[in-house]
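Trainee: Sequence:
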Amino acid sequence: MTVRFDTKIAIVLRDDLEPWQRLNVTAFLASGVAAAYPQLIGEAYADADGTSYLAMFGQPVLVLEGDRDLLRAAHERCLRRELPVAVFTADLFRTGNDDDNRAAVVSVRRHELDLVGLGIHGPRNAVDKIVKGARMHP
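For the sequence shown, position 84 matches number 83 in numbering that gives the first Met the number 0, and the numbering has no gaps at all.
Just so you know, not all the hints are guaranteed correct.
[To be verified] Cβ pair distances, simulated, as ranges:
| no. | residue 1 | residue 2 | range |
| --- | --- | --- | --- |
| 1 | V105 | Y44 | 32 to 40 angstroms |
| 2 | R3 | L82 | 19 to 27 angstroms |
| 3 | V107 | S51 | 18 to 26 angstroms |
| 4 | Y36 | V107 | 22 to 30 angstroms |
| 5 | R80 | I40 | 17 to 25 angstroms |
| 6 | A43 | E111 | 23 to 31 angstroms |
| 7 | M0 | V105 | 16 to 24 angstroms |
Since the hints were derived computationally from the structure, they do not count as laboratory data.
Quick reminder that beta carbons are idealized off the backbone N, C-alpha and C, glycines included.
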(Lines of atoms letter the chains of each structure in order from A and count residues from 1; the text may use other names and numbers.)
(Lines give C-alpha, C1' and ligand atoms only; values in the text may rest on other atoms or scores of the structure.)
Protein backbone atom coordinates (compact mmCIF):
# COMPACT_ATOMS: atom_id res chain seq x y z
CA MET A 1 0.00 0.00 0.00
CA THR A 2 1.42 3.38 -1.03
CA VAL A 3 0.88 6.20 1.44
CA ARG A 4 0.56 9.69 -0.01
CA PHE A 5 1.55 12.37 2.48
CA ASP A 6 -0.03 15.83 2.46
CA THR A 7 3.36 17.34 3.24
CA LYS A 8 6.84 16.94 1.85
CA ILE A 9 10.32 17.10 3.36
CA ALA A 10 13.01 18.22 0.93
CA ILE A 11 16.72 18.82 1.36
CA VAL A 12 18.23 20.79 -1.53
CA LEU A 13 22.01 20.69 -1.92
CA ARG A 14 24.24 22.78 -4.12
CA ASP A 15 25.60 20.53 -6.85
CA ASP A 16 29.27 21.51 -6.44
CA LEU A 17 29.76 20.13 -2.91
CA GLU A 18 32.26 17.41 -2.03
CA PRO A 19 30.68 14.07 -0.99
CA TRP A 20 31.50 14.59 2.72
CA GLN A 21 29.97 18.07 2.54
CA ARG A 22 26.75 16.73 1.00
CA LEU A 23 26.35 14.25 3.84
CA ASN A 24 27.18 16.80 6.52
CA VAL A 25 24.79 19.42 5.13
CA THR A 26 22.00 16.86 4.72
CA ALA A 27 22.34 15.74 8.34
CA PHE A 28 22.32 19.29 9.70
CA LEU A 29 19.36 20.42 7.58
CA ALA A 30 17.33 17.30 8.43
CA SER A 31 17.91 18.04 12.11
CA GLY A 32 16.54 21.54 11.56
CA VAL A 33 13.35 20.19 10.01
CA ALA A 34 12.98 17.62 12.81
CA ALA A 35 13.45 20.28 15.49
CA ALA A 36 10.84 22.57 13.91
CA TYR A 37 8.30 19.81 13.26
CA PRO A 38 8.50 17.16 16.01
CA GLN A 39 5.17 15.77 14.81
CA LEU A 40 7.04 14.40 11.78
CA ILE A 41 8.92 11.94 13.97
CA GLY A 42 7.45 8.45 14.05
CA GLU A 43 7.58 5.86 16.79
CA ALA A 44 10.81 4.34 18.09
CA TYR A 45 12.08 1.19 16.38
CA ALA A 46 12.81 -2.20 17.90
CA ASP A 47 14.22 -5.37 16.41
CA ALA A 48 12.93 -8.91 16.95
CA ASP A 49 15.21 -9.29 20.00
CA GLY A 50 13.63 -6.26 21.67
CA THR A 51 16.60 -3.95 21.16
CA SER A 52 15.34 -0.36 21.00
CA TYR A 53 16.39 2.16 18.34
CA LEU A 54 15.76 5.86 17.92
CA ALA A 55 12.66 7.16 16.18
CA MET A 56 13.07 8.79 12.76
CA PHE A 57 10.96 10.77 10.33
CA GLY A 58 7.67 9.04 9.60
CA GLN A 59 7.73 10.07 5.94
CA PRO A 60 10.33 10.09 3.16
CA VAL A 61 12.95 12.82 2.86
CA LEU A 62 13.74 13.85 -0.70
CA VAL A 63 17.35 14.86 -1.30
CA LEU A 64 17.66 17.09 -4.35
CA GLU A 65 20.42 19.14 -5.93
CA GLY A 66 20.81 22.24 -8.02
CA ASP A 67 23.19 25.05 -8.78
CA ARG A 68 23.76 28.25 -6.82
CA ASP A 69 20.99 30.10 -8.70
CA LEU A 70 18.47 27.35 -8.01
CA LEU A 71 19.21 27.50 -4.27
CA ARG A 72 18.81 31.28 -4.26
CA ALA A 73 15.50 31.00 -6.11
CA ALA A 74 14.22 28.25 -3.80
CA HIS A 75 15.25 30.30 -0.76
CA GLU A 76 13.33 33.33 -2.06
CA ARG A 77 10.28 31.16 -2.84
CA CYS A 78 10.30 29.86 0.75
CA LEU A 79 10.41 33.39 2.10
CA ARG A 80 7.68 34.66 -0.25
CA ARG A 81 5.43 31.79 0.85
CA GLU A 82 6.39 32.40 4.49
CA LEU A 83 7.48 28.77 4.73
CA PRO A 84 10.15 28.18 7.41
CA VAL A 85 13.45 27.00 5.97
CA ALA A 86 16.72 25.70 7.39
CA VAL A 87 19.83 27.15 5.75
CA PHE A 88 23.39 25.93 5.54
CA THR A 89 25.96 28.36 4.17
CA ALA A 90 29.51 27.77 2.97
CA ASP A 91 30.78 29.66 6.03
CA LEU A 92 29.51 26.86 8.29
CA PHE A 93 32.18 24.51 6.95
CA ARG A 94 34.70 26.70 8.83
CA THR A 95 32.94 26.66 12.21
CA GLY A 96 32.82 23.98 14.83
CA ASN A 97 29.83 24.68 17.06
CA ASP A 98 26.28 26.00 17.11
CA ASP A 99 27.16 29.45 18.49
CA ASP A 100 29.71 30.05 15.73
CA ASN A 101 27.29 28.69 13.13
CA ARG A 102 24.60 31.19 14.11
CA ALA A 103 27.16 34.01 14.26
CA ALA A 104 28.31 33.17 10.73
CA VAL A 105 24.75 33.35 9.39
CA VAL A 106 23.70 36.51 11.25
CA SER A 107 26.77 38.36 9.96
CA VAL A 108 25.59 38.14 6.32
CA ARG A 109 22.60 39.86 4.71
CA ARG A 110 19.93 37.50 3.36
CA HIS A 111 20.60 38.16 -0.33
CA GLU A 112 24.36 37.66 0.19
CA LEU A 113 24.19 34.27 1.95
CA ASP A 114 26.43 31.72 0.20
CA LEU A 115 23.80 28.98 0.36
CA VAL A 116 24.93 25.38 -0.04
CA GLY A 117 21.78 23.72 1.29
CA LEU A 118 18.17 24.23 2.31
CA GLY A 119 15.88 22.12 4.50
CA ILE A 120 12.20 22.52 3.71
CA HIS A 121 8.95 21.07 5.01
CA GLY A 122 5.50 22.15 3.99
CA PRO A 123 2.43 21.34 1.96
CA ARG A 124 3.29 18.98 -0.87
CA ASN A 125 2.32 21.37 -3.70
CA ALA A 126 4.11 24.34 -2.13
CA VAL A 127 7.35 22.38 -1.69
CA ASP A 128 7.11 21.11 -5.28
CA LYS A 129 6.89 24.71 -6.53
CA ILE A 130 9.73 25.86 -4.27
CA VAL A 131 12.15 23.17 -5.50
CA LYS A 132 11.10 23.42 -9.13
CA GLY A 133 14.11 22.75 -11.35
CA ALA A 134 16.02 20.73 -8.75
CA ARG A 135 16.92 17.17 -9.64
CA MET A 136 17.14 14.07 -7.49
CA HIS A 137 20.53 13.69 -5.84
CA PRO A 138 22.44 10.88 -7.59
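Trainee: Okay, which hints does this one fail, numbers in order?
Mentor: 3, 6 and 7
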